[in-house]
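Hey, can you work out the whole structure from these sequences and the hints?
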Amino acid sequence: MLGDILLITEKHKQAAEIIAAHIINKRKDRMIIAISGESGSGKSELAHAIAKILRKEGIFAKPLHTDNYYKIHPLERREWRLRHGIENVVGYDEYDWEKINQNLDDFRNGRRSEMPCVDLVTEQVDRLITNFGEVDMLLVEGLYAIKSDNVDLRVFIELTYLETKEKHTKDARGKEIMDEARWATLGQEHKMVQALKPRADLLVTKEYAVAKAAIS
Amino acid sequence: MLHDLITITPQHESSAKMVFDKVLELRNGNPRGKMIITISGEVGSGKSTISIVLGRLLTNQGIRAKIIDLDDFYKIPPLERRAWREKHGLQSIGYEEYDWKKVYQNISHFLQNKVCSMPCVDLITNHVDELITDYKGVDLLIINGLYSLKIKEADLKVFIEQSYDKTIEYQHYSLKEKLDSYRLKVLQREHEVVNSLKGLADFFIDFESSLYHL
Chain V
233 MLGDILLITE KHKQAAEIIA AHIINKRKDR MIIAISGESG SGKSELAHAI AKILRKEGIF
293 AKPLHTDNYY KIHPLERREW RLRHGIENVV GYDEYDWEKI NQNLDDFRNG RRSEMPCVDL
353 VTEQVDRLIT NFGEVDMLLV EGLYAIKSDN VDLRVFIELT YLETKEKHTK DARGKEIMDE
413 ARWATLGQEH KMVQALKPRA DLLVTKEYAV AKAAIS
Chain H
3 MLHDLITITP QHESSAKMVF DKVLELRNGN PRGKMIITIS GEVGSGKSTI SIVLGRLLTN
63 QGIRAKIIDL DDFYKIPPLE RRAWREKHGL QSIGYEEYDW KKVYQNISHF LQNKVCSMPC
123 VDLITNHVDE LITDYKGVDL LIINGLYSLK IKEADLKVFI EQSYDKTIEY QHYSLKEKLD
183 SYRLKVLQRE HEVVNSLKGL ADFFIDFESS LYHL
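Respectively, the protein sequence lines represent chains V and H. Oh and the first sequence: position 172 is 404 in our numbering, straight run, nothing missing. Oh and the second sequence: position 110 is 112 in our numbering, straight run, nothing missing.
A portion of the hints provided could be inaccurate.
Unchecked claim - Taking lysine-lysine pairs in the DSS-like style, the calculated list, with each CA pair at most 30 Å apart, reads: (1) V/Lys284 to H/Lys77; (2) V/Lys284 to H/Lys187; (3) H/Lys138 to V/Lys303; (4) H/Lys24 to H/Lys187.
Just so you know, these hints were derived from the structure itself, not from any lab.
Laid out in structure tokens, this is it:
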């Protein structure tokens with residue numbers, strides 16, 4: 233994702249320290265970590281902060297943003313969702329899972345890989361080529377990132393869009409226009425994201441404390 | 003540039019708005035043509051931030067702007083650069099460090115509406131990825147970087163004024179690179195080269211004074 237604006241605060245850094253320590257403890261070769269949570273819950277910030285800490289430990293961890301993988305182009309998505317009904321289409325199936333799995337597989341095998349990369353300024357989808365051979369870990373973050381089976385550790389942020397409302401109302405990151413359709417989309421995403429919570433290994437609470445998920 | 007962290011202040015917003023108004027004015031005289039804008043200034047002067055805010059203002063007007071960061075175009079990749087510079091001496095620091103062939107390839111592909119590839123540094127891993135973009139439908143190229151004023155083809159050449167003290171101050175709180183005596187020498191050298199190009203600019207932004215005037 234190009235042109236994204238992150239607001240990394242002390243709470244992100246503190247949670248990131250704990251998660252990074254957990255990752256190092258459970259470290260394995262070519263490890264994939266996934267972070268999910270609702271819009272505005274701080275997934276990108278957390279992934280960024282964790283990757284920075286790992287880098288200090290000599291581990292090259294690359295964040296991968298699943299927002300890059302929507303099948304419908306950013307400029308057409310809103311219209312497409314309205315046409316098909318937000319309740320019917322907003323969810324996991326909007327991602328190009330084939331492409332995601334291909335990129336995860338390329339990482340597992342240390343290959344060069346090509347992936348989509350949204351430029352938030354031009355609103356175009358560029359292509360990014362990276363050499364996973366020189367990357368040690370992958371931090372996949374996005375609404376439905378922990379749904380992937382090809383992941384070693386799953387982190388779930390419990391904050392919901394209703395609690396991060398102020399972030400949405402001000403359009404601070406210039407991402408989307410807030411109106412009825414956008415709220416309906418956030419509501420539908422909320423349902424889909426919360427359904428993934430049982431898959432989590434680590435939970436980041438509403439207060440941004442880190443807890444191990446109960447073994448179900 | 004992937005995973006850059008920027009902080010937008012009201013000064014960035016007002017500076018970007020000034021450039022934005024100037025761009026609109028220039029576009030009125032040249033409504034259909036593609037335009038190139040360069041943004042230069044020292045490390046920490048706000049080039050990337052102003053570029054992004056400007057890009058978004060333009061997007062809201064239906065003008066598509068692609069930002070390219072010349073930090074991506076160094077011939078020597080980030081993880082090897084310090085050792086390379088130490089080996090070749092401070093005199094090697096300057097605009098010759100850029101891969102100008104690639105920069106100009108992007109400029110010409112932009113003007114011709116073609117697909118082009120460019121280097122793209124991931125600021126977390128410091129590895130260099132490759133980014134492929136389609137310039138078709140892109141109206142404006144915003145090129146930001148220390149030595150972007152060297153690009154004569156630009157329709158508008160912006161220079162952000164910043165005192166050398168500010169450059170050093172920024173380094174203290176920025177976590178990008180550790181500030182040691184060698185880094186200070188690099189900054190001093192960059193400061194000299196950037197300032198030697200300043201005369202090429204045609205639009206100046208003075209952050210500190212705009213702060214007082216606001």
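Checking one constraint from the list: CA of H/Lys24 to CA of H/Lys187, max 30 Å. Satisfied? Violated. H/Lys24 to H/Lys187 sits at ~36 Å, over the 30 Å cutoff.
Please work out if V/Lys284 and H/Lys187 have their alpha carbons no farther apart than 30 Å. holds (26 Å)
Going straight from one Cα to the other, do H/Lys138 and V/Lys303 come out at no more than 30 Å? holds (21 Å)
Please verify whether V/Lys284 and H/Lys77 have alpha carbons no more than 30 Å apart. Status holds; Cα separation ~25 Å.
Consistency note: the structure conflicts with earlier hint 4 alone.
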